[in-house]
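Student: Chain by chain, the residues:
There are 2 protein chains.
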Amino acid sequence: MTMPKASQAFPRAEYLRRLAAVKSEMQKREVDVLVVTTPANITYLSGYTSKSGYVPQGLVVSSKEEEPTFITRRMDGPAAIHQMFIDRDHVIGYPEELIANPDRDGYDAIIDFILDHESSRGSIGLETKFLPALTVEKFKSRAGGAKIVDCTNVVSWIRGVKSDLEIAIMREAAAISDAGMLKAAEVIRPGTREADASAEIIATLVRGADGRPGTDLASFFLCATPRTSTCHIRWTEDTFKQGSQVNLEFSGVRHGYTSPLMRTMSIGKPADHIRRLHEGEVAGLEAALAAAKTGRTCSDVAAAFNTTLKKHGFSKESRCGYAVGIDWTEPTASLKEGDMTILRPNMTFHLMLGNWIDEDVGYVISETFRVTDAGGEPFTKLPRDLFEV
Amino acid sequence: MTMPKASQAFPRAEYLRRLAAVKSEMQKREVDVLVVTTPANITYLSGYTSKSGYVPQGLVVSSKEEEPTFITRRMDGPAAIHQMFIDRDHVIGYPEELIANPDRDGYDAIIDFILDHESSRGSIGLETKFLPALTVEKFKSRAGGAKIVDCTNVVSWIRGVKSDLEIAIMREAAAISDAGMLKAAEVIRPGTREADASAEIIATLVRGADGRPGTDLASFFLCATPRTSTCHIRWTEDTFKQGSQVNLEFSGVRHGYTSPLMRTMSIGKPADHIRRLHEGEVAGLEAALAAAKTGRTCSDVAAAFNTTLKKHGFSKESRCGYAVGIDWTEPTASLKEGDMTILRPNMTFHLMLGNWIDEDVGYVISETFRVTDAGGEPFTKLPRDLFEV
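Order-wise, the sequence lines are chains A and B.
Here our numbering is used: the first residue of the first sequence is 1, the next is one more, and so on.
Here our numbering is used: the first residue of the second sequence is 1, the next is one more, and so on.
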């Protein structure tokens, strides 16, 4: 019996559209074959979400072929056949002897494939920034005279503008984020362990919302008193107390896509300085969304936020957001002053207004939005409250 | 108010012992300063488990100083002060302008620190294999004539032999893995969605066992009929059916440490060929544990497994395990024929006997064990059953 195809999150035409955009960029860069190694970019171009990226793997996009070819560890071949939109003949498993082998690894299998299949191989595109130094060296030395072209972020920039189909999936992820936050407001109580509250919230993120389960877990942070100035702690063994503040950041996931969300909760009445900060941040959030119109820049959005927050007597040191989609952050546009990326319809951003001001002051709020002609349209349906639980 | 120290998983003396071992290796390699960038190695040498490794960070171990210095994004400084055993003066936050900046990044802050603080700087050790090519280049060009020495896996090899304190923590993680597997046997039922069962299992992994919560989530795989030949799929939206087979792989986490566990479950009577494979694998597992004695080699353990499995008419293509500890796999010793790593007491391995034979045949069983003079001592207390649920 052979592995059946999984039900696909997107139709074949959607993947071919994405590949056409990639091939167009390849042509501009005079690249004949592009080796895509970033897991999020592989997901984008094929539908593959299996977690095999801890060993070498590559999706090889050839300017001459409609479908890409995936070269992966042999044991991961069946998952690729199952999940990817491509024909099973385009999934090639490399042998186990290339695992934990100091002399040859999966990248050698990718190079072998290119040497065997690409007669011209004038130049090979690589996402060099995300590859180990020795791997880039290996491509240079083994590629038979082909020029190695840095194609870091070529696919990531294409991912930046979502199709309506992708937006629909991100809305599903957002509904899961919302359900998780409502669960948090329900379970964060004095006397409850941070871990037990986290268990309930995370289970909600897996069960999903509106009949659609989460398809994965993304990062999850719960930073509570006395740790509200930290931003990347999972949770601890401590117990919430009356007066505890809880900063939350997490996301539902659908088919790899995330819609991150942050909210701050207070057990009982929040501290006055946190309430004032909240008011400034919400005003800033609304100003930023109003500025996030087609044709404006990332810098405009950040300036709108920063100016408004300053009027409230606060400032935020870190950027106020970044492009978001598959596997959370896209390594491209930042919502910060000076980033002149022009906003296009259906670009999606995590407007991330976490503000860790001092060693005992931190506050978070965020929304994931898409760019429209009328401004940023957030995916969350939650109120912009400082939750008092 | 300043950030308090979190309760520490290990005493200061334990970290100083680990650092002494690292400094001894540095001396052998004539390295004056080692820049540790791998998150698991940073956890090992400091107790830090906050998830800031998606931007540059480095723990700088100097041969001249007792405590290392951690250079991290400023917003992550408070978490480092909170979690690390080191003095707060040894935590240095680099400014936000180094984030999403094409010209300078956090590695420049690390290089600046070394140039400012290390007068001799004859040579700098780097974990080059896990760094992007451009970062290694930057160290070479900016390090003022210092020699760059590849120290990939220097710390990872030291991590290989655990202290009794670490073994105790891994046993706590194993108890959580066991609780998760028992929960799986309880919730995997016909008509239940894979996602809903996963939600219950994952919540158990967070709540923990014996009053000790999980402190993080590690990888989680649930590969059920018709996907039992895949190994790295989270779960799907499908519903279990009578006759479904479910292959599970996950781990509890305590203070970064994992104790992975795999078991196969069958809703109703398992297929005959799966039962035969199970018998061979369990016999192989027992043979491998018997061979995992102090002084033997990784190769001996793999040979014991492979020989026994062959007697039962099966074979397994992939290695039968790997060194395990913080953040799951250690990139060092492999349980495979030809790996001549000599077993020492308290080395820990994931004896990973997942066997994906054909596109419709896959079976998993595994145990995490420590090496003793009498053989491998598994941490799990679960029976080696093909679970019929």
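Treat the hints with caution; some may be incorrect.
Stated by the list, open to error - Listed below are the simulated DSBU-like cross-link pairs for lysine-lysine, each with C-alpha atoms no more than 30 Å apart in a straight line:
| id | chain 1 | residue 1 | chain 2 | residue 2 |
| --- | --- | --- | --- | --- |
| 1 | B | K269 | A | K241 |
| 2 | A | K5 | B | K241 |
| 3 | A | K51 | B | K140 |
| 4 | B | K51 | A | K147 |
| 5 | A | K381 | B | K140 |
| 6 | A | K140 | B | K138 |
| 7 | B | K140 | A | K5 |
These are computed hints drawn from the structure, not numbers from a lab.
Student: Each hint: holds or not?
Tutor: A quick look at each hint next to the structure:
Proposed proximity of K269/B and K241/A is contradicted: the alpha carbons are some 49 Å apart, above 30 Å. For the given pair, K5/A sits about 18 Å from K241/B by alpha-carbon distance, which is consistent with the 30 Å threshold. Proximity of K51/A to K140/B is assessed by CA-CA distance (about 33 Å); at most 30 Å being required, the pair is judged violated. With a C-alpha separation of about 37 Å, the suggested pair K51/B and K147/A falls outside the 30 Å cut-off, and the hint is violated.
Distance check on the hinted pair: K381/A and K140/B sit about 50 Å apart at the alpha-carbon level, beyond 30 Å; violated. Annotation: proposed proximity of K140/A to K138/B holds, straight-line Cα distance about 19 Å (limit 30 Å). For the suggested pair K140/B and K5/A, the alpha carbons sit about 48 Å apart, so the restraint of at most 30 Å is broken.
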